[in-house]
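J.: Sequence:
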Amino acid sequence: MHPDLQTVRELQDVDQSIGVLTARIDAIPAQIKQIQDQLNQFLHAYEERKKRLAENQKERRDMDAEVQMVRAKISKHKDQLYEVKTNEAYKAMVHEIEGEEAKIRSIEDRILDEMAEAEQLESYVHDAAARLDSERSRVAAEIKDLEAERAKDLAERGSLEERRQTLVAALSSSTVRLYERARKSRGTAVVPVIDASCSGCHVRLRPQFYNEIRTSDALHTCESCGRILFYLELATDKGVEGTRVAM
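Per numbering that gives the first Met the number 0, the sequence shown starts with residue 0, numbered consecutively.
Read the hints as simulated data drawn from the structure, not as lab findings. Here the structure is a predicted model, which means the values were calculated and not measured. Some hints could be false.
[Stated by the list, open to error] Computed cross-link-like contacts, DSBU-like style, restricted to lysine-lysine with a CA-CA straight-line distance of at most 30 Å:
{"id": "1", "residue 1": "Lys50", "residue 2": "Lys102"}
{"id": "2", "residue 1": "Lys90", "residue 2": "Lys75"}
{"id": "3", "residue 1": "Lys90", "residue 2": "Lys102"}
{"id": "4", "residue 1": "Lys77", "residue 2": "Lys102"}
{"id": "5", "residue 1": "Lys102", "residue 2": "Lys75"}
{"id": "6", "residue 1": "Lys72", "residue 2": "Lys90"}
{"id": "7", "residue 1": "Lys151", "residue 2": "Lys183"}
{"id": "8", "residue 1": "Lys32", "residue 2": "Lys50"}
{"id": "9", "residue 1": "Lys84", "residue 2": "Lys102"}
{"id": "10", "residue 1": "Lys75", "residue 2": "Lys57"}
{"id": "11", "residue 1": "Lys90", "residue 2": "Lys57"}
{"id": "12", "residue 1": "Lys77", "residue 2": "Lys90"}
{"id": "13", "residue 1": "Lys32", "residue 2": "Lys151"}
{"id": "14", "residue 1": "Lys84", "residue 2": "Lys72"}
{"id": "15", "residue 1": "Lys57", "residue 2": "Lys72"}
{"id": "16", "residue 1": "Lys72", "residue 2": "Lys102"}
{"id": "17", "residue 1": "Lys32", "residue 2": "Lys143"}
{"id": "18", "residue 1": "Lys32", "residue 2": "Lys49"}
Build the full structure now, drawing on both the sequences and the hints.
T.: Structure below.
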């Protein structure tokens, strides 16, 4: 086996671990923002419903006052009925009283609607107020856990980056160039040969090239995709070789 092969395989494992950690680290700010946004949405809904409840209460007070004003007007008109001199004036007064009474019924219907809305708002505001502290505590705890996870991942990534530097320093410059070129273009730079094929691009290797990989100590790259290859001996390979010896 080429002296760089085991090192470059370990380097790939380290790089993959660094990639996983980096993805997790980079995702945490968005996760924290999402949690904070959820709390802000809860607080916004709570404040909006409190505001609407106050508006509802004012509207009902205003409508109650309007009903009292209309009732006073009806009472005055009824007193005036005894003072009218003609049938036409009497009928006009009665018609006006009926209109005011219809207005009261309309206002009272609106008051009932407002009361139904107020009942729902009061229930929500009461429940939300009871949950407020627990929601804040939950969000703070989740953010703290995420920040602790991020700190742990940063420390682990730092250790892996130091290990990476050590591995790179142990490799020949030509191997580093091969590795980095394949990693940047293919993502995976080092792959096993399986069933006489490159497991990266799945192209079948030439028989002579395949035998070289199995028997020589040179560093080989796939003629199709440029990945660094290594031979992975499988149990089936041993079985085939054993059969051939027995024959």
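J.: The structure should be examined with respect to each hint, and the outcome stated for every one.
T.: Results of checking the hints against the structure:
| no. | hint | in the structure |
| --- | --- | --- |
| 1 | Lys50 / Lys102 | holds (28 Å) |
| 2 | Lys90 / Lys75 | holds (16 Å) |
| 3 | Lys90 / Lys102 | holds (18 Å) |
| 4 | Lys77 / Lys102 | holds (16 Å) |
| 5 | Lys102 / Lys75 | holds (16 Å) |
| 6 | Lys72 / Lys90 | holds (17 Å) |
| 7 | Lys151 / Lys183 | holds (27 Å) |
| 8 | Lys32 / Lys50 | holds (26 Å) |
| 9 | Lys84 / Lys102 | holds (27 Å) |
| 10 | Lys75 / Lys57 | holds (27 Å) |
| 11 | Lys90 / Lys57 | violated (37 Å) |
| 12 | Lys77 / Lys90 | holds (12 Å) |
| 13 | Lys32 / Lys151 | holds (20 Å) |
| 14 | Lys84 / Lys72 | holds (20 Å) |
| 15 | Lys57 / Lys72 | holds (23 Å) |
| 16 | Lys72 / Lys102 | holds (12 Å) |
| 17 | Lys32 / Lys143 | holds (13 Å) |
| 18 | Lys32 / Lys49 | holds (25 Å) |
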